[in-house]
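Residue numbers (our numbering), protein chains in the order written: chain A, 833 to 1116; chain B, 8 to 352; chain C, 83 to 241.
The set of hints was computed from the structure by calculation and includes no laboratory data. Take these hints with a grain of salt, some might be off.
As the list claims (entries may be wrong) - A short list of chain A residues far from chain B (calculated; beta carbon distances all over 12 Å):
| # | residue |
| --- | --- |
| 1 | K842 |
| 2 | K849 |
| 3 | S863 |
| 4 | P865 |
| 5 | N890 |
| 6 | A937 |
| 7 | C956 |
| 8 | T960 |
| 9 | E973 |
| 10 | S989 |
| 11 | M1070 |
| 12 | N1073 |
| 13 | D1096 |
| 14 | N1112 |
Said to hold, decoys possible - Residues from chain A that face chain B, not an exhaustive set, calculated with beta carbons under 10 Å:
| # | residue |
| --- | --- |
| 15 | P870 |
| 16 | R898 |
| 17 | P939 |
| 18 | G940 |
| 19 | G944 |
| 20 | I1007 |
| 21 | C1012 |
| 22 | C1068 |
Think of the CB as a built atom: it goes at the ideal place given N, C-alpha and C, for glycine as much as any other residue.
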Amino acid sequence: MIDYQTEIRKRAAELLKNKEVAMVIGYGAASLPNRTMPIFITKPEEADKLVFNRFCTNNLSVYLMRLKELGRLAIVSKPCDVRTIVCLIQEKQIERQQVHIISFACPGVKDGDGKFLSFVCANCPVTTPPIYDSLIGDGREVKQAEDFIDNVTEFFSRLPQERWEMFKAEIAKCIRCYACRNACPMCYCKECFVERALPRWIGEGAELTDTMIFHIVRAIHVAGRCGECGACLRACPMGVNLGPIAKKIQEDMLNLFRHQAGLDPEAPAALSTFELNDYNDFIK
Amino acid sequence: MKTMKEKILAKENLAPFLDELLKTYRVVAPVRAGDYSLYRPLEHGGDICLDYLRPIKSAKEIFFPQNETLFYFNKRTNRVVASPEGEKTTVLFGITPCDLAGIIAQDRIFSSGTFKDSYYLRRRSQTILVGIACPIPGETCFCHVFGIDRFASEIADLFFIPLQNRYLVRVNTEQGGKLVEHLQEATEADLREAERLAAQPVELKEEIMPIEELSHLLSEEFESPVWDDIARKCIGCAACTFVCPTCHCFDITDEIRRDIGRRSRTWDGCMFPMFTLHASGHNPRTNATQRIRQRILHKFAYFKDNQGIISCTGCGRCVDVCPVNVDIREVLKYLSETLKDASKK
Amino acid sequence: MKEPGETFEPKIVAFLCNWCSYAGADLAGIGRYQYPPNVRVIRVPCSGRVDPLYILKALQNGADGVLVSGCHPGDCHYLEGNYFARRKFAILKNLLEFIGLEEGRVQFSWVSAAEGERFSRVIKEVTESIKKLGPARRLVKSLDIPNEILREIGGEAEA
Chain A
833 MIDYQTEIRK RAAELLKNKE VAMVIGYGAA SLPNRTMPIF ITKPEEADKL
883 VFNRFCTNNL SVYLMRLKEL GRLAIVSKPC DVRTIVCLIQ EKQIERQQVH
933 IISFACPGVK DGDGKFLSFV CANCPVTTPP IYDSLIGDGR EVKQAEDFID
983 NVTEFFSRLP QERWEMFKAE IAKCIRCYAC RNACPMCYCK ECFVERALPR
1033 WIGEGAELTD TMIFHIVRAI HVAGRCGECG ACLRACPMGV NLGPIAKKIQ
1083 EDMLNLFRHQ AGLDPEAPAA LSTFELNDYN DFIK
Chain B
8 MKTMKEKILA KENLAPFLDE LLKTYRVVAP VRAGDYSLYR PLEHGGDICL
58 DYLRPIKSAK EIFFPQNETL FYFNKRTNRV VASPEGEKTT VLFGITPCDL
108 AGIIAQDRIF SSGTFKDSYY LRRRSQTILV GIACPIPGET CFCHVFGIDR
158 FASEIADLFF IPLQNRYLVR VNTEQGGKLV EHLQEATEAD LREAERLAAQ
208 PVELKEEIMP IEELSHLLSE EFESPVWDDI ARKCIGCAAC TFVCPTCHCF
258 DITDEIRRDI GRRSRTWDGC MFPMFTLHAS GHNPRTNATQ RIRQRILHKF
308 AYFKDNQGII SCTGCGRCVD VCPVNVDIRE VLKYLSETLK DASKK
Chain C
83 MKEPGETFEP KIVAFLCNWC SYAGADLAGI GRYQYPPNVR VIRVPCSGRV
133 DPLYILKALQ NGADGVLVSG CHPGDCHYLE GNYFARRKFA ILKNLLEFIG
183 LEEGRVQFSW VSAAEGERFS RVIKEVTESI KKLGPARRLV KSLDIPNEIL
233 REIGGEAEA
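Based on the sequences and whatever the hints tell you, model everything.
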């Protein structure tokens, strides 16, 4: 087991002591087994509260938008989390120098009771950080093959009628708590489309077609901006499997537009740009 | 507690017992749904699933559904017609003690005082409550803090206590008694086994400060910086709110197609940033600190002041589902330590 | 309600960009090119204006099909609007078919202001193909008004 924890604590304490950052956002011990939780430290002596283990599942970038007014922020980020920070920089929501990224080659995180590697991690295309300020460890690939539960691939191989029934069954579990949306760093709109009343796009409550539209549109709103961190899947209290639609969009972005989100802070977001010879066959 | 009588039902006869009820009543009970259970209408007695400690959502949705149509209307003719009532009486079976306590809180809101909610009442009055005891509390449970009895209930019509291979059924009301008329009477031995079960010591999590004392202190510490510390990681979803047995906020919206429309009531949550947005554009609670403070003060101070009980049953669902591990037990402990120190100064 | 013997006539919502496709539709009218009357036109300034939410709302409100038509790539009145639209629509169409919505419920075309005859042909094709799919059921939202209540408040069944 790679010991990133000691190095992370040291780095955080240094950054705070030298006043290079106003706050370090990292993971701390949770009150439940097999979990960690976001913590926010401002003094070097608090650095010992930081932990790193296989349960660092939250994407902490979600806090950057609301805390950036405090000054420069250091943030402990898995490579997928770093991708979302890159997207935020691309979209000019934060500036590169506002954030000090503490990252590392990622072993992947575990889901639920800790028995399996997260599916999101099993297929992770970016296991080393695209950008960083402090690299913990030597940056070499550390991810190993581990057992995981695949509840996404099967969806792709089914017939349309079956896919519809499966999609409906998943969405029927949703209670519209918006944990998925709020856990996502890319959902930073001050007013989400679900909150608009004039016009009212979808009703409140949990009517099925409204809920389907919520998930379809949210998937499209993060298309080309999704860092594949899995925070939305894990935030969901009801276990709604959003994996297939997220995966489909990522595949299309890659296959149709040769695009992967969050790798280059200078690049434009995929749906904010175009090529003259983009895929056109589907248009009469 | 004094009950009318006690009956016995063998565990293997539970499904047939429910099948019999299904001939006359709609029966709602915990049903397996993937990795957890939910309170759902049964089609067969055998659908019931008591394998999980408690269903992932509370029982409040039986009386206070997430979507409830209030009435239909026609803007052109000005006709308004209330949504029709259901016909069958419902037996809500297998309600955990924390959820029964939640129903007590919902009753305070919707069916007591000057204004009673007819939508809530017509479901509530048509429902027979059958509780079930909770011998072993879960990892996140803390109902003992609120004095909830895991082996009895003041509002259940019937209360099932799981013994070795049978249930002891305590009959609390006549309407409950009708459902179990044909069951065998419990023996002295059965009663003693139930008493022994209830008296078994269980390992309870660390003590939280006496809740009554905390309730009093909370109201005085509105301006304390402690709320910032607690709120910092909250992402403002409604996961805690929607699974909670006592949360009851709602919104009312109209959906209209040309002239025809319906008015619905839907669950809302004070954790949403737009919850307190006024028509003028002003929003008194724009940040997480204000919203978390409101949530805790409402549940643990204001509700106590206004309704006489604390709006929390210690069921632990919010602890289970919070994406960022806001643990109300830790929050209460942290508050009681901080506020005790502050009040001493 | 359908009478016995009637064939299904789909309701199709068409978002047409003002400068090209809407003008093309106009030209079809001027040239007296016949096309099926199933299409309800909504004029937008540019195909790039069409938000996926419009398409989904149309389906949710009972449209059997949706067509979005804009200027040919390179000819957009606003220079680039249709290029952005093209990427958005590719993603939306693929996602909707992926979750199981019937292929062909949502269609796209580029029709220029000069293509009156072509517009009528596109509408014929689109209408025929959606007719074959039958009435849309999958994303349709109903207000679920019981018939007795509908009679009492004096309404018609949702069209």
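Going by Cβ atoms, does N1073 (chain A) stay more than 12 Å from chain B at every point? violated (10 Å)
- Cut-off 10 Å, beta-carbon criterion: hint that P870 (chain A) touches chain B: Holds, about 4 Å.
Far enough from chain B: is every CB of that chain over 12 Å from the CB of N1112 (chain A)? holds (36 Å)
**Q.** Hint check: 10 Å Cβ-Cβ cutoff, G944 (chain A) to chain B
**A.** holds (9 Å)
Hint check: 10 Å Cβ-Cβ cutoff, P939 (chain A) to chain B: violated (21 Å)
- Regarding the assertion that A937 (chain A) does not contact chain B, is the least Cβ-Cβ distance greater than 12 Å? holds (25 Å)
query = Can G940 (chain A) be said to touch chain B, with a Cβ gap under 10 Å?
reply = violated (19 Å)
**Study point:** Interface-negative label, D1096 (chain A) against chain B, beta-carbon threshold 12 Å
**Key:** Correct as stated: the minimum Cβ-Cβ distance to chain B is 28 Å, above 12 Å.
Can the hint on C1012 (chain A) be confirmed by a CB-to-CB distance to chain B that is less than 10 Å? holds (8 Å)
Examine each Cβ of chain B, and state whether all of them lie more than 12 Å from the Cβ of P865 (chain A).
violated (8 Å)
Review point. Is the Cβ of K849 (chain A) more than 12 Å away from each Cβ in chain B?
Key: holds (22 Å)
Grab the minimum beta-carbon distance between S863 (chain A) and chain B and tell me whether it stays above 12 Å. violated (4 Å)
Checked against the numbered hints above, the structure breaks hints 3, 4, 5, 11, 12, 17, 18 and satisfies the rest.
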